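Chemist: My request is simple: use the sequences and hints to build the entire structure.
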Amino acid sequence: MLSDAKTRSIIIQCALVGVAAAFAALLVSTTFANLRARGIPIGFDFLTMPSRIVISEAILTYKSRDPYYWAIATGLANTVFISAVVIVFSSVLGLVVGITRLSSNPLAAGTCRVWVEVARNSPPIVLLIFLYSLWWKVLPPVGEAFNPLPGVYASMRGLVVPAISMDVATPGLLVIALALALAAAGWAAARRGWLPPLAAPAILAVGVAGLWIADAKFSVDWPIFTGSNFKGGKELTPELSTILIGLTIYTTGFVAEIVRGGVLSVGRGQWDAGHSLGLPRGKILRLIIIPQMLRVIVPPLNSQYINVVKNSTLAIAVGYPDFLAVMNTIISKSSHSIEGVFIILGVYLALNLSLSSAANWYNRRIAIVER
Amino acid sequence: MLSSAAKRVAPMPASSEPAAIEMVGMNKWYGSFHVLKDINLTVRRGERLVICGPSGSGKSTMIRCINRLEEHQHGQIVVDGVELTNDLKKIDVIRRDIGMVFQHFNLFPHLTILENLMLSPIWVRSMRRWQAEQTAMHYLERVKIPDQAHKYPGQLSGGQQQRVAIARALCMSPKIMLFDEPTSALDPEMVKEVLDTMVALAEDGMTMLCVTHEMGFARQIADRIVFMDQGEIVEMNNPSEFFSNPSHERSKLFLGQILY
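First to last, the sequence lines map onto chains A and B.
In terms of our numbering, the first sequence is residues 1 to 371.
In terms of our numbering, the second sequence is residues 372 to 631.
It is possible that some hints are incorrect.
Claimed, not checked - Here are the simulated SDA-like pairs of lysine to any residue, each with C-alpha atoms no more than 20 Å apart in a straight line:
1) A:K283 with B:I462
2) A:K283 with B:K515
3) B:K460 with A:S104
4) A:K283 with B:R496
5) A:K310 with A:I72
6) A:K283 with B:T483
7) B:K460 with A:I164
8) B:K460 with A:N105
9) A:K283 with B:V495
10) A:K283 with B:D594
11) B:K460 with A:G282
12) A:K283 with B:A571
13) B:K546 with B:D594
14) A:K63 with A:S334
15) B:K461 with A:G282
16) A:K283 with B:R513
17) A:K63 with A:A73
18) B:K460 with A:I284
19) B:K546 with B:T483
20) A:K283 with B:D458
21) A:K283 with A:R268
22) B:K522 with A:R365
23) A:K283 with B:R499
24) B:K461 with A:D272
25) B:K460 with A:I72
26) B:K546 with B:R513
27) A:K234 with A:P162
28) B:K546 with A:D272
29) A:K283 with A:L294
30) B:K461 with A:H275
31) B:K461 with A:I284
32) A:K217 with A:I164
33) B:K515 with B:A571
34) B:K461 with A:I72
35) B:K546 with A:H275
36) B:K522 with A:K217
37) A:K283 with B:K546
38) B:K522 with A:R364
39) B:K460 with A:D272
Hints listed in this document are in silico derivations from the structure and should not be mistaken for laboratory results.
As the structure is a prediction and not an experimental result, all values here were calculated from the model.
Modeler: See below:
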């Protein structure tokens, strides 16, 4: 009976599971016993108690009298915000930089190459500390704020950008219009990026018409300097600006290389075929190369997105309260270190597994049909 | 018969049709490697040319120069009265009027057969979608695979894919068709269906330049056969003369090797 392959494999697996379970039980019981012996409380009850910790800035509204779970949520929101912004910007910039690196224009290609090499070959923490020091060493005081783009001011106090707010008279109509536009965009995505020439303007027109019918009023709140500080607009602290800009620069370098590899992975023959049909270079890229490249670059790109989430913990280097920084404070304040560490592990695992499953879903959707 | 002294001078075909392609003193180098040496060739409208020669002789490179997939460094190429220079607009105009079929089909694997055919009529000729679809179906019927329209290239056999590639080129209503070893990557039993399609095209009076080793096909449709070796046009003649009485040592050697 023991020579039967199936039986043997079941026996071995049962034995292994048994050993692992016994080891885990031993760990847990020893930990509990030791903690109890030292009088350290264990359990998740503390989460509902008032935290009394200070979080210097937050996307959500947080006061120090809020309970621990809300402090955790605030830290998590900060991390998700950083990751989302960095992922969006580095994807767009990485696409541009990666494709430009293959350009025949030596100046453009060279510039992008410098970006990629600097970003890829410097430790991200060095990049962040360097950028952070720029706020104090290079940028002027708030009264002489540097104005690189209309409405954007950079000074020692951070970045000020115009804020856009929307006021809708009939929100129901707007929802319908946006749903229509979204459905059209979904249909377009299902066409695998292959659209009749007027599709993109049409989708846009549906959205704009919806906004117009619903009588939505956009107001842009331009920052105005009042003599001592800025009124209006949205202020980003030097800490948040540094982590956003620094991680975007860093991640763009990697995304650009992945994009370059993706473009090169599409055979020369596809370019030949496109050229021989009279398609100009830009259209070959958009209609033929990029759709095929996407399926090659999604898995490595996903690894970079996961890295963004993990690298967002470097926020601690410039003093921005991301999830890990908040958790550290919570652990030292509440002395629930075991629970805290489990929450940290669980949250990063959940974030990254969600990213992976989204990437896998997308990858299955765009797979090439064969046979 | 060509004398060896006249071998570099392209003989004009008897037809009085205007020239579709004219190459005068065309040279091309890859770095220091001289791939094409002083090519002189005139192709008349409606003419069918078969280009043969040993591998590495520059046949593919020469026809790829005609639609500027390769750049030539010296001499002149005039297609339909327009000279090929670095002027991107002119290159695009010329490419629109030249169809090309490749050894490895080069269909777009992420698009269905129909979308493969509709892509350039829509984006280059600004055709309406329904119009492009009609054109595409017309040519799919011509290459006898309208029932495959909604499949993807990966689901078709090699012969079917190559016929799709021919239909895709025809959708742009080209004036000239270039074939770069269209049957070399096919399983033997699929060669005939592709050659039949090409014969039908030839009978419709399409100007064709065809790099191929299918000598039976060459004998059947070619007005002239161009034999190339080491980057030069060694011999140019009508098929019956070329096969029965090759004038050059290198042609004789080549024919001896491939006709067994």
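Chemist: Each hint: holds or not?
Modeler: A quick look at each hint next to the structure:
no.	hint	in the structure
1	A:K283 with B:I462	15 Å, holds
2	A:K283 with B:K515	30 Å, violated
3	B:K460 with A:S104	18 Å, holds
4	A:K283 with B:R496	13 Å, holds
5	A:K310 with A:I72	17 Å, holds
6	A:K283 with B:T483	18 Å, holds
7	B:K460 with A:I164	42 Å, violated
8	B:K460 with A:N105	19 Å, holds
9	A:K283 with B:V495	9 Å, holds
10	A:K283 with B:D594	37 Å, violated
11	B:K460 with A:G282	14 Å, holds
12	A:K283 with B:A571	32 Å, violated
13	B:K546 with B:D594	17 Å, holds
14	A:K63 with A:S334	17 Å, holds
15	B:K461 with A:G282	17 Å, holds
16	A:K283 with B:R513	28 Å, violated
17	A:K63 with A:A73	12 Å, holds
18	B:K460 with A:I284	16 Å, holds
19	B:K546 with B:T483	26 Å, violated
20	A:K283 with B:D458	18 Å, holds
21	A:K283 with A:R268	15 Å, holds
22	B:K522 with A:R365	16 Å, holds
23	A:K283 with B:R499	17 Å, holds
24	B:K461 with A:D272	17 Å, holds
25	B:K460 with A:I72	60 Å, violated
26	B:K546 with B:R513	17 Å, holds
27	A:K234 with A:P162	6 Å, holds
28	B:K546 with A:D272	19 Å, holds
29	A:K283 with A:L294	16 Å, holds
30	B:K461 with A:H275	13 Å, holds
31	B:K461 with A:I284	18 Å, holds
32	A:K217 with A:I164	10 Å, holds
33	B:K515 with B:A571	12 Å, holds
34	B:K461 with A:I72	63 Å, violated
35	B:K546 with A:H275	16 Å, holds
36	B:K522 with A:K217	47 Å, violated
37	A:K283 with B:K546	23 Å, violated
38	B:K522 with A:R364	18 Å, holds
39	B:K460 with A:D272	17 Å, holds
Hint check: violations occur at hints 2, 7, 10, 12, 16, 19, 25, 34, 36, 37; the rest are consistent with the structure.
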